[in-house]
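Position chain B relative to chain A; hints supplied.
So the chains spell out like this:
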Amino acid sequence: MFTYLFFLYCAVMIVGTGLLAVTMRNPVHSVLMVLILFFHMAGLYLILGAEFIAAVQIIVYAGAILVLYLFVLFLVSLRDEVKMDRFVTSAWLGRIISVGIGVSLIAMLPAFILGQKGHWPMDAVIKATNTKALGIEMYTTYIFPFEIAGLILLIAVIGGLVLARHDTPTTIEKS
Amino acid sequence: MHVLIILIEILVLFAVIMLHVAYATYFERKIIGHMQVRMGPMRIGWHGLLQPIADGIKSFFKEDIVPEQADVVTFRAAPIICLTAMLTSLAVLPFAKGWVLANINIGLLFLFAMSSLSSYGVILAGWASNSKYTFLGGLRSMAQVISYEVAMGLSLVGVMMLSGTLNLTKIVEVQGGSFGGMYIFPQIIAFFVFFIAMLAETNRVPFDLPEAETELVSGYATEYSGMRYAIFFMAEYIGMMVMASIGTICFLGGWNGPFEVTIFPPFWFVVKVYAFMFVFIWIRATLPRYRYDQLMTIGWKLLIPLALGNIVLTGFIKAFTG
Chain A
132 MFTYLFFLYC AVMIVGTGLL AVTMRNPVHS VLMVLILFFH MAGLYLILGA EFIAAVQIIV
192 YAGAILVLYL FVLFLVSLRD EVKMDRFVTS AWLGRIISVG IGVSLIAMLP AFILGQKGHW
252 PMDAVIKATN TKALGIEMYT TYIFPFEIAG LILLIAVIGG LVLARHDTPT TIEKS
Chain B
55 MHVLIILIEI LVLFAVIMLH VAYATYFERK IIGHMQVRMG PMRIGWHGLL QPIADGIKSF
115 FKEDIVPEQA DVVTFRAAPI ICLTAMLTSL AVLPFAKGWV LANINIGLLF LFAMSSLSSY
175 GVILAGWASN SKYTFLGGLR SMAQVISYEV AMGLSLVGVM MLSGTLNLTK IVEVQGGSFG
235 GMYIFPQIIA FFVFFIAMLA ETNRVPFDLP EAETELVSGY ATEYSGMRYA IFFMAEYIGM
295 MVMASIGTIC FLGGWNGPFE VTIFPPFWFV VKVYAFMFVF IWIRATLPRY RYDQLMTIGW
355 KLLIPLALGN IVLTGFIKAF TG
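One line per chain: the protein sequences are A and B, in this order. All residue numbers in the first sequence are consecutive under the numbering used here, ending with 306. All residue numbers in the second sequence are consecutive under the numbering used here, ending with 376.
Do not take every clue at face value.
No farther apart than 27 Å at their CA atoms in a straight line, the calculated lysine-lysine pairs in the DSS-like style are these [what the hints assert, rightly or not]:
| id | chain 1 | residue 1 | chain 2 | residue 2 |
| --- | --- | --- | --- | --- |
| 1 | B | K224 | B | K151 |
| 2 | B | K224 | A | K263 |
| 3 | B | K372 | A | K258 |
| 4 | A | K258 | B | K151 |
| 5 | B | K151 | A | K263 |
| 6 | B | K186 | B | K116 |
| 7 | A | K263 | A | K248 |
| 8 | B | K372 | A | K263 |
| 9 | B | K224 | A | K258 |
In short, the hints are calculated from the structure, not lab data. Remember, it's a predicted structure, so these values are computed and weren't measured experimentally.
Isolated chain A, as found in the complex:
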């Protein structure tokens, strides 16, 4: 019962803050709404017994990525609202399209089926703690995909370094 109520609370807050994040005028307020949203997502992970994922959700998304967003917002400092031309000129056509997408997404819900039971039923995960279960699976069964993900991240880091480096002509001449 308590879990159910907690889930309902998290779900309502996620949808509510998500809507507020896209409708609020002040970009910093939007970021704050996303922050609250991330906390409730962490709450959902806690219901699922994935405490490690919940902590990482807060540390990485709320603690690092959102702070970087704030940094960019502060440095760019948008004084005027940015007005864009509508992608779809008729407002009603836009509404019909968005309602259509919404309905088709909800219609997909019955297609959701529970996956096969693996080596880690809920009790085993709780006994070994979520962190350990995740680590064991990731470094044994899924070591190859894990390494590929690591390689992709490494390439992204090097790419970022190359893009951010400005070799101005003067420094090249000096060296």
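Chain B in isolation, oriented as in the chain A frame:
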């Protein structure tokens, strides 16, 4: 009934911590005073013992001023975010065997999560006050926290590898009661990195750029007055205590000591935490402030490579010795 007991425990912890915060300011003023050959607070009570209480009453009754151009909701919420995050992290600290409010399996990660949340309070305070000084303070704090959180997290990975758990109580138990069992010896590099990152995370001298008095008035807290300003101060002192506790738990063997004090089990924990606090204050009385580029250089070019090297080294040792 169970809920009632937990509520009482929370209230007791809250009261003790608030008293601690009040007297930590007294501790700091007295020590700095004596280091600079002055007496420190002397007027109220014997050797100024009632000074923190007088300060508290004074700031409580001061006028609460909100700047006209400020973003009111965010301005009011910022100190509360700071204090709540810091108080929440107290819940997972084991003060002695069994003396912990929530013995969770991800205690260490929980502490990181809460400390990164408290930086939002500082950032938002800087932005919402709508003033140059506070804004610069907020920006500096943001860059500092991002850089040093990485170093601190990586420095504690060595401890996680040695103990094989994230549960703070278990980390202390794995270290055992002996002097040589403390993780400060096998993890001396990690302790060095952790200690410097700890100073930077709590915005203390020599890394107090977010509130550099001489350049930014009082940094992010410039526009705050009365109780809201005091709340920032409380959050800072609780933050110091939380960081000192992490250091005590992960490197100095927590509540274990040379002999057991049965009347008051957290005795050694408190002694170690206060030793940390003393070093905090000692450093404040001794060192000048770093320049901003020096702060970034230390964080990214010294501490993070050292912490990463420590992880590799610990991994090798653990792999070969089993």
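Results of checking the hints against the structure:
A C-alpha spacing of about 10 Å is found between B/K224 and B/K151, which places the hinted pair at or below 27 Å, so the restraint holds. Among the hinted pairs, B/K224 with A/K263 is consistent with the structure: their alpha-carbon atoms are about 14 Å apart, no more than 27 Å. Restraint check for B/K372 and A/K258: satisfied, since their Cα atoms lie roughly 24 Å apart, inside the 27 Å limit. With a C-alpha separation of about 22 Å, the suggested pair A/K258 and B/K151 falls inside the 27 Å cut-off, and the hint holds.
Between B/K151 and A/K263 the CA atoms are separated by roughly 24 Å; this keeps the pair inside 27 Å, and the hint holds. At roughly 24 Å between alpha-carbon atoms, B/K186 and B/K116 fall within 27 Å of each other, so this suggested pair holds. For the hint linking A/K263 to A/K248, the alpha-carbon distance of about 19 Å falls within 27 Å, and the restraint holds. Taken as a hint, the B/K372 and A/K263 pair is honoured in the structure, with Cα atoms around 17 Å apart against an allowance of 27 Å.
Between B/K224 and A/K258, the direct Cα distance comes to roughly 15 Å. Compliance with the 27 Å bound is thereby established for this hinted pair.
Hint compliance for this structure: every hint is met.
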